[in-house]
Structure formats: structure tokens, C-alpha cells
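Student: Below, each chain spelled out in residue letters.
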Amino acid sequence: MITGNLEYVMCSLPNLSFQDKDDERSRVFSILKKYAGPSEVEKSIIFILEEEASKFLSLKAFRIYQQIDLKNIHSEAFQKSKNTVLAAFSTYIFSLKTDVQQMRISRKNGVDSSTTKKPLLPLVPGTPMEEEIQLLKWQWKKLEELSVGHYADFGALCLYKLKLLILLRLWSFDQKRGFDNFLNITKKD
Amino acid sequence: MADKILMNKNTLAALKVELKEYDTALPVFEMKEQKLKEVVQAIENDIIRLKRFIATTNAETKKWVAVMAEDTIDISEMVKVDHIITGKREIAGVTIEVFKDILFKDTEVDLFNTPLWVDKAIEVIQDQKTNRTLVEIEERNLELLWEELAEARRMKNALKEVFMPETKENIRKIEIYLGDVERLAIGCAKLVKKKKELKKAKA
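Residue numbers (this note's numbering), protein chains in the order written: chain A, 1 to 189; chain B, 1 to 203.
In case anyone wonders, no lab produced these hints; they're calculated from the structure. A couple of the hints might just be wrong.
[Stated by the list, open to error] Okay, derived cross-link-like pairs now, DSS-like style, lysine-lysine, Cα gap no bigger than 25 Å in a straight line: (1) A:LYS82 to A:LYS163; (2) B:LYS120 to A:LYS108; (3) A:LYS21 to B:LYS63; (4) B:LYS80 to A:LYS108; (5) B:LYS51 to A:LYS21; (6) B:LYS20 to B:LYS156; (7) B:LYS105 to A:LYS108; (8) A:LYS71 to B:LYS120; (9) A:LYS163 to A:LYS21; (10) A:LYS137 to B:LYS63; (11) A:LYS176 to B:LYS80; (12) A:LYS21 to B:LYS62; (13) A:LYS176 to B:LYS63; (14) B:LYS62 to A:LYS187; (15) A:LYS176 to B:LYS120; (16) A:LYS176 to B:LYS62; (17) A:LYS137 to B:LYS120; (18) A:LYS108 to B:LYS168; (19) B:LYS156 to A:LYS187; (20) A:LYS187 to B:LYS20; (21) B:LYS156 to A:LYS108; (22) A:LYS97 to B:LYS120; (23) B:LYS160 to A:LYS187; (24) B:LYS16 to A:LYS187; (25) A:LYS108 to B:LYS100; (26) B:LYS80 to B:LYS100; (27) A:LYS176 to B:LYS51; (28) B:LYS160 to B:LYS16.
In isolation and in its complexed conformation, chain A is listed as follows:
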């Protein structure tokens, strides 16, 4: 076990909190960018984190670490992972995605969730942005729950990457860029 080294990494990484504020974003970015050399500042912060983690992980663990992504975290491979943190979060995301899928089917069929006996998700109806943030918050909360007892092990590093991925998704929500995309798509054809 390389706990000692990981403890060093975990302590030096910027603390993450679920908030979409410019100063919070620049704090996380600036700290992580310091890990990269001057010629590597253009690299994504996820890549920088992975590079830093690779110094303290075995090849097998690093491969698993590299594969962690919000797009595939629900996959069977992660659900059956020996790492309890990854397996638990993967199972949670799979279940959440299944429930969201069911809710979307109901909405498409015009079934009002408020009239159904038991709503699939405790999602407070709102704008797509508000709903998306609720889903991200639930995932964040789940990661917080799973982080109990994991402070400087591989699980903690995995949780950190997942939290960072969630934050990066939250921070990618940009009104100006989104509106430009929206206008481009509506005008195209």
C-alpha cells in the first residue's frame, strides 16, 4: 500500500466544493495547473491530475484511474469493480440513469409525474438547467457519503477525480456559449 504517498497527493490537491463561482473555479484551476510544467499549462486539469496520480499508483490501478469518466462510470466493469467506492458509485449512477430514463419516457408520453402514485425521482420540476444541477448535486452528495473513511487511499483519489469531473461539467454550463450554440442550431438547415 502506498498510503503515505497518496496522503501527500491528497493533501496537496485543492479542496473541492460544489459551487459555480468564478473565484472557486480559478482557485482549483490555478492550483492544479501548478503541477504541470510551464510548457504543459494547456493540458486539461484532469490530465494533470492523472499524471500526478500516476506517480503514486501501480500500473493496474492507474489504468483503472484513467478510465474513470462520467460517461462510462455506470458501466458493468465499474459496477463489478473490486474497489468498493467505484462499484458503489457506478451502481448508484446506473440506477440514477435508469430512473431518469424512465422519467423521460413518462414525460414524452405526457404522463404527469405529480399524478402518479410514486414519483420515480424526487426531482423538483424546473428549468433544464435547474434539473441538471439537482442531478449533479445528488451525485456530489453520493460521493460525499462514499468518502467517509476514505481519506488517503485509492478510493479517495477516485472520489476526487469524480468530484472534479462533476465540477468541470457544472462549470462548463456557460450562458453565452450555450446561447450562441442554441442560435446556431436554430438557424442552421
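Based on the hints, put chain B in the right spot on chain A.
Tutor: Chain B alone, transformed into the frame defined by chain A:
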């Protein structure tokens, strides 16, 4: 009309026929102008309403559109227009396009892997595309109707302000001329008759 007219009865008759035709044509152009004006007004109102609706939807969408900055998904493929169904309608001699339906390419949205916001985004984008298509069709129609309206106005004004007054004036001139000729002929005939009678009396 600027040409020199022949001052005879045939020309007078032809001009009277012409004037009668103008009298028949004028109300037709007036009615056409009126009808086209009404349709143009209605279409202009529709365009204003649609543009206002597009602007309102844009403003509403702005509240949550930030999620569309996410570069993990390209929804432009999910909202591609397959084809637009239109019909034809004739208004006062103008054939205009009538929007019937808009069909989008049938793409299956992966409800498991795509983000939740995609559903609403697709719905709003399809609505906006439909409204933009409606505006485009109505603007094309408006162009055709304006052209026809201008032509109807030109014809009405030409009849009212040029052809009819000129024809009336020419009729008046010919009638005066023919009247003068007739009076002159009567005068001459009377003079000849008087001379003949004087000759007879002397003999």
C-alpha cells in the same frame, strides 16, 4: 394617347368602347388592390407575431441555455429538418405558399446516455425552427404580394389618372369637332339653298 387622333366618327366610337372597358376594369383593379392590401396586412401581422414569439422563446430559453455549452453532445444532428410540406393558395391572382407541416429527421434519442436537458432543448429548437420556417415562407409570400399590389396600384392609377381622363378629353374634342363640322355643313347647305332660291327668283 400622345399620338394624333383621327377626328372622325369611327375613332369616336372606338374611344367610347375603350372608355366603357376602362369603366369595367377600374373596379376590378380597385377590388384587387383592396384584397391584396388586406392579405398583406394579415401576413405582416403574422410575421410580427411569429418574430415576437421567437424573441420570447429566446428570452425564456436564455434562463437555462447555459447547459447547451456542454461539448459532450452535439444535438444539431437530432434536430435536422427532413422536409417542409407546403401547399399552394391563390389570392387575387398571386399563387402563395401555405405551410402545412415540417418533418424532422427521425433520430432516436438515447434517453439513457444523453443528459436530461436534451429533451427540452430538442423541443424548443424544433419549435424555433418551425417558427423560423413560417417566417421565411410568409416573407417570400409578402414579397410576391407586394409586387402584385404595386402592379394593381399602378394599373388603377393609370386608368384613373391617365387613360380615362385622356379618353374622355379626346371624346369631347372629337364630339366638338364633329359638331362644328355638322353645323358648318348645315350652314353651307342653307347658303346653297338660299343661292338656288335667289337664282330661281331672278329667272
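Student: Now tell me, hint by hint, if it's right for this structure.
Tutor: Do the hints match the structure? See the list:
Proximity of LYS82 of chain A to LYS163 of chain A is assessed by CA-CA distance (about 20 Å); at most 25 Å being required, the pair is judged to hold. Distance check on the hinted pair: LYS120 of chain B and LYS108 of chain A sit about 10 Å apart at the alpha-carbon level, within 25 Å; holds. Proposed proximity of LYS21 of chain A and LYS63 of chain B is supported: the alpha carbons are some 17 Å apart, at most 25 Å. For a cut-off of 25 Å, the pair hint linking LYS80 of chain B to LYS108 of chain A stands: about 19 Å separates their Cα positions.
Proposed proximity of LYS51 of chain B and LYS21 of chain A is contradicted: the alpha carbons are some 35 Å apart, above 25 Å. Annotation: proposed proximity of LYS20 of chain B to LYS156 of chain B holds, straight-line Cα distance about 15 Å (limit 25 Å). For the hint pairing LYS105 of chain B with LYS108 of chain A, the CA-to-CA distance comes to about 18 Å; that is within 25 Å, so the pair holds. Taking the CA atoms of LYS71 of chain A and LYS120 of chain B, the gap is near 21 Å; set against the 25 Å cutoff, the hint holds.
This hinted pair checks out: LYS163 of chain A and LYS21 of chain A have alpha carbons roughly 16 Å apart, not beyond 25 Å. The suggested pairing of LYS137 of chain A with LYS63 of chain B holds, with an alpha-carbon distance near 19 Å, which does not exceed 25 Å. Between LYS176 of chain A and LYS80 of chain B the CA atoms are separated by roughly 23 Å; this keeps the pair inside 25 Å, and the hint holds. For the hint pairing LYS21 of chain A with LYS62 of chain B, the CA-to-CA distance comes to about 19 Å; that is within 25 Å, so the pair holds.
A distance of roughly 11 Å separates the Cα atoms of LYS176 of chain A and LYS63 of chain B; the hinted pair therefore holds under the 25 Å criterion. A threshold of 25 Å between alpha carbons decides the hint, and for LYS62 of chain B with LYS187 of chain A the separation of about 16 Å falls inside it, so the pair holds. Restraint check for LYS176 of chain A and LYS120 of chain B: the C-alpha separation of about 18 Å stays at or below 25 Å, so the hint holds. Straight-line distance between C-alpha atoms of LYS176 of chain A and LYS62 of chain B comes to about 9 Å, which keeps the hinted pair within the 25 Å bound.
Distance restraint check for LYS137 of chain A and LYS120 of chain B: the Cα-Cα separation of roughly 20 Å lies within the 25 Å cut-off, and the hinted pair is therefore satisfied. Between the alpha carbons of LYS108 of chain A and LYS168 of chain B the distance comes to roughly 72 Å, so the proposed pair goes past 25 Å and is violated. Of the supplied pair hints, the one linking LYS156 of chain B and LYS187 of chain A is violated, its CA atoms being roughly 41 Å apart against a limit of 25 Å. Taking the CA atoms of LYS187 of chain A and LYS20 of chain B, the gap is near 54 Å; set against the 25 Å cutoff, the hint is violated.
Between LYS156 of chain B and LYS108 of chain A the CA atoms are separated by roughly 56 Å; this puts the pair beyond 25 Å, and the hint is violated. In summary, the hint linking LYS97 of chain A to LYS120 of chain B is supported, as the alpha carbons are separated by about 17 Å, within the 25 Å threshold. Between the alpha carbons of LYS160 of chain B and LYS187 of chain A the distance comes to roughly 46 Å, so the proposed pair goes past 25 Å and is violated. For the hint pairing LYS16 of chain B with LYS187 of chain A, the CA-to-CA distance comes to about 59 Å; that exceeds 25 Å, so the pair is violated.
For the hint linking LYS108 of chain A to LYS100 of chain B, the alpha-carbon distance of about 24 Å falls within 25 Å, and the restraint holds. For the suggested pair LYS80 of chain B and LYS100 of chain B, the alpha carbons sit about 18 Å apart, so the restraint of at most 25 Å is met. With a C-alpha separation of about 21 Å, the suggested pairing of LYS176 of chain A with LYS51 of chain B holds against the 25 Å cut-off. At roughly 16 Å between alpha-carbon atoms, LYS160 of chain B and LYS16 of chain B fall within 25 Å of each other, so this suggested pair holds.
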